[in-house]
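Q: The residues making up each chain are set out below.
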Amino acid sequence: MVADSHAVVSDLLMGGNGQALVAVEGLTKRFPVSKSLFRQASSFIHAVEDVSFSLAPGESLGLVGESGCGKTTVGKLLVKLIEPTSGQISFRFPSPDAGSGEAVDASTIRSADLRAFRRQAQMIFQDPYESMNPRRTIYDTIAEPLAVQGVGHLTDRVDRVTEILTQVGLTPAGSFLFRHPHELSGGQRQRVAIARALVIGPSFVVADEPTSMLDVSSRTGIMTLMQNLAQGLGISYLYITHDLAVARYMCHRIAVMYLGKIVEMAETEELLGNPLHPYTRALLSAVPVPDPTYRRDRPDIRGDLTLPINPPPRCRFYDRCPVATDHCRDNPHPPMEEHGPGHWVACYEA
Amino acid sequence: MISPQSDQQNFSREPPGIPESPLVDLHPGRWQMALARARLALRSFRGGWAIFVESRIGVLSLATIVLFALMAISHPILMATVWDAEVYDPVTGYAFDRLDHPAPPNWRHPLGTDPLGRDVLSQLLSSTRSEFVLGITAALVTVGIATTVGAVAAYYGGLVDALFMRLADLIIALPGISLLIVLSALFRLNLFYLALIIGILGGFGGTAIILKSQALSIRVKPYIEAARVAGGGHFHIIFVHIIPNLLPLSLLYMMFTVTGAIFAEAVLSFLGLLDLRMSWGIMIHTANTGGYLLGGTRYWWLIIPAGASITFLCSAFYLVGRALDEVVNPRLRRHTS
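Protein chains in written order, with this note's numbering: chain R, 51 to 400; chain W, -6 to 330.
Keep in mind that the hints were calculated from the coordinates and are not lab data. Accuracy of the hints is not assured; some may be wrong.
[Claimed, not checked] No farther apart than 20 Å at their CA atoms in a straight line, the calculated lysine to any residue pairs in the SDA-like style are these:
(1) W:Lys214 x R:His230
(2) R:Lys130 x R:Arg207
(3) R:Lys126 x W:Gly226
(4) R:Lys130 x W:Asn322
(5) W:Lys214 x R:Thr135
(6) W:Lys214 x W:His229
(7) W:Lys214 x R:Leu234
(8) R:Lys126 x R:Gly137
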């Protein structure tokens, strides 16, 4: 029953024609809690459990949720930094001669193919201070994808790096080439991180909270830059964030995650204007309002986010849900159901 | 989604209207790139040097090492110019001008002669070079092995890690000098083999564990993941990202290894177990076999020059290592810059 519903979900999300850039079905990642050489792990952290979504070319999907809900794990799975426990990821990257190429199952990508895959799928990391080798210059950092993939000769790479530095707004580019990361501000470093991800011309980029470590003053600059680049270069983002305002600004669609599950997914304005899942409502009510007289009606969300170690087979949100019923307790985690055009919710009470 | 154009006026912190940069002028060729890299290396060296010279003991120790290096260079020069090989050769020479060997210091023999009538100063100077060769070879071998083993063990983990770390435990458990004594009974140990053995023992032993623990903290940095996303293979990540970040610590342990190697050589030579022409340990060994070691300070020129040289050179390398530690590890600095 579960497997069938996913096939339907992904088919509908792709618009029925199967032209999604990235299609994820039943993606699951479990981390063993303790592993030793001689003993099988008995408990697992269910970091990502049965997640399905798809991403059209040029579309940006926001993945929203609180810390520890598995957003970053989804991102890492999508760029093959870690391998899924089960589930399927397929990519349909544009082929060199225009038009979209063949769909590729991510689990079959090996060594030589992996290099080609890395040209199409890149990642921008959260921490601009730790995601760059402190001993390498900005040129080395940005040219790394080109160098390890053997793209062009030295002078070509210098040209390409200069060009991308100008595109991300670090000008004059020549004066940045031979600086070290510690000589740059956080915003400048994040621009370098964006340049590194985009220098090889990917069509899909996982952006893992690229603005969360930055000053508020440089956030909008980075976000605007990322949008302009996405539009100019035809890039799809999977934009991971915990900030709904950022997701609203950056994304066409938003998926809300809770404890390794996507609980609601819809077009940005539809999701924000008509939240159906109690968790989404709670998230929205937590967005600060710049009005001291504003009295928010506090949603009745109890307790704290727990680690999903061997979770009981019922709705993941049951323990904290204000509208939970006996039905929620006695049944497995609710499947994703369509409550409006493209508005998917996993809740029995929605 | 809000369109970026409409918000750009409100939110963007970009300076308005960045002019297109003149790409033609900023087109560094191969040579300019190499030059820029050399300039960078020079600048980071200067930065490190500025911290190093703040440590007075470090500078003093470096001066001591330079002094010994000058001594090592001076021996062949003296032999070629003012010293007659028949009299002053450190091994086969004989001071015909004296009959009372071991002769106390005099004008012709500033540090006297040994019981066999050989000039002590000449022996001291000629030994310096072999001590340097020994110490530096052993240190290079140690650090080369330890850095690679540490990086590989930390990066791959699992079975590879377990294998190398148990090997390191085994080597640490072995008593070093006793092992060298057994080995010298089995093989004719010359300077090169001694340096190699000390280097291998150090490289697979304790130094590997220390460098591995450092490599573990580098392995989990996000830039390693970034390198993997860029398409870098295992080899690329180990040699381009992990090892360059280990090198400062490696350099430090190189200094400590030099000390250990010189000390081990002195012990083995004193016991007469090494196939060497001349060394500081052999000088003390000669004094001992002649029965002059227990004679107290009466025959001081047979013991003190060699003994003091061992002490000073070993401590100098060690203290330079400690001063380098401050350069490498900012937490040890007195003030943060």
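Q: Which numbered conditions among the earlier hints are violated in the structure presented, ordered from lowest to highest?
A: Result: hints 2, 4, 5 break, sorted rising.
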